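Below are the chains, spelled out letter by letter.
Protein chains: 2
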Amino acid sequence: MLSMACKDAIRAMIYIVKKKSDDFISINEIAKELDLSFYFLSKILQKLVKQGLLESYRGPKGGVRLAKKPKDIKLLDIIEAIDGNAFFTECVLGFKECSDSEPCAIHSKWAKEREKIHKLFANTTLQKIEKELENKLNIKL
Amino acid sequence: MLSMACKDAIRAMIYIVKKKSDDFISINEIAKELDLSFYFLSKILQKLVKQGLLESYRGPKGGVRLAKKPKDIKLLDIIEAIDGNAFFTECVLGFKECSDSEPCAIHSKWAKEREKIHKLFANTTLQKIEKELENKLNIKL
DNA sequence: ATTATTTAAGACTTGAAAGTCTTAAATATA
DNA sequence: TATATTTAAGACTTTCAAGTCTTAAATAAT
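Protein sequences appear in the order of chains A and B. Remember, our numbering sits 117 above the position in the first sequence when you count from 1. Remember, our numbering sits 117 above the position in the second sequence when you count from 1.
Simulated from the structure, these hints should not be mistaken for laboratory data. No incorrect hints appear here.
With beta-carbon atoms standing in for the labels, derived distance ranges: (1) Ser-159/B x Lys-253/A: 45 to 51 Å; (2) Asp-189/B x Lys-137/A: 50 to 56 Å; (3) Asn-255/A x Asn-202/B: 22 to 28 Å.
From a predicted model like this one, the values you see are computed outputs, not experimental measurements. Ideal placement from N, C-alpha and C gives every residue a C-beta, glycine not left out.
Assemble the whole structure, with the sequences as input and the hints as a guide.
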């Protein structure tokens, strides 16, 4: 469902928010902590910079940091920045024309569940995730 | 979410059940009617034969037909035959260890919605789809 | 100024899914 | 029996995401 790049992007964003740092965080640090390829993660985070979710700074003490408040960054923003919105708009059976008026055989039921997932991602901000991480132990990053 | 192969498999199965034929239906016919590649569809349906969802017969008047009653074939059977069950078992963020006891940051919410989709696919049999197709116009195949 | 450190950009390689083709095996029919 | 028709199996090619690497640009610290 989510691409590898998207999963990595979400994990990186959670790592960043969890640090609660006003300084820039180097991509190298994030890659090491999350056991990701520095090269691959760099490319992914560049997209988040371009989408305005992160801001970056070059040179020593450079890195990335959130461009907005954690309460204003939704999981959905990250997903759409990396994977686009195909999952939330395209027919589950792949019909170009599938819609409420011209549905495929499972359109209505699928659209209903898909909308719940859309809301889940739209309602889950980095702030909420951060809060959960504070309250619970045993949470994987 | 579903692979191309899986989407094609579902469409083909719906086409077959809709025909209500005791005879074998040639893959060539299905491919033409659904505007799919004969080669690609052949490979996909071979998997469904191996999984026991279809039975096939070679030679003139050969083809494929359902190996079970429409009420005993679930959408989930088709999906698992082609794509496996990764979507329903793997962590949305890609953690190997993610589980109820060792959750990732969004495990519980995701697992809840995912289970609904699992049930949707498990409850939707070819018979139910066939019934809907009879009742409604404008249903895309 | 020079050097080290960091992201930016884009070229390049790899791997897996998608898609095509060829040959073999089964079988109905003439 | 010979032929045409159909699926089976697997080799082959294409496409695109995943992943790697190199060079450039920015900037802090010495």
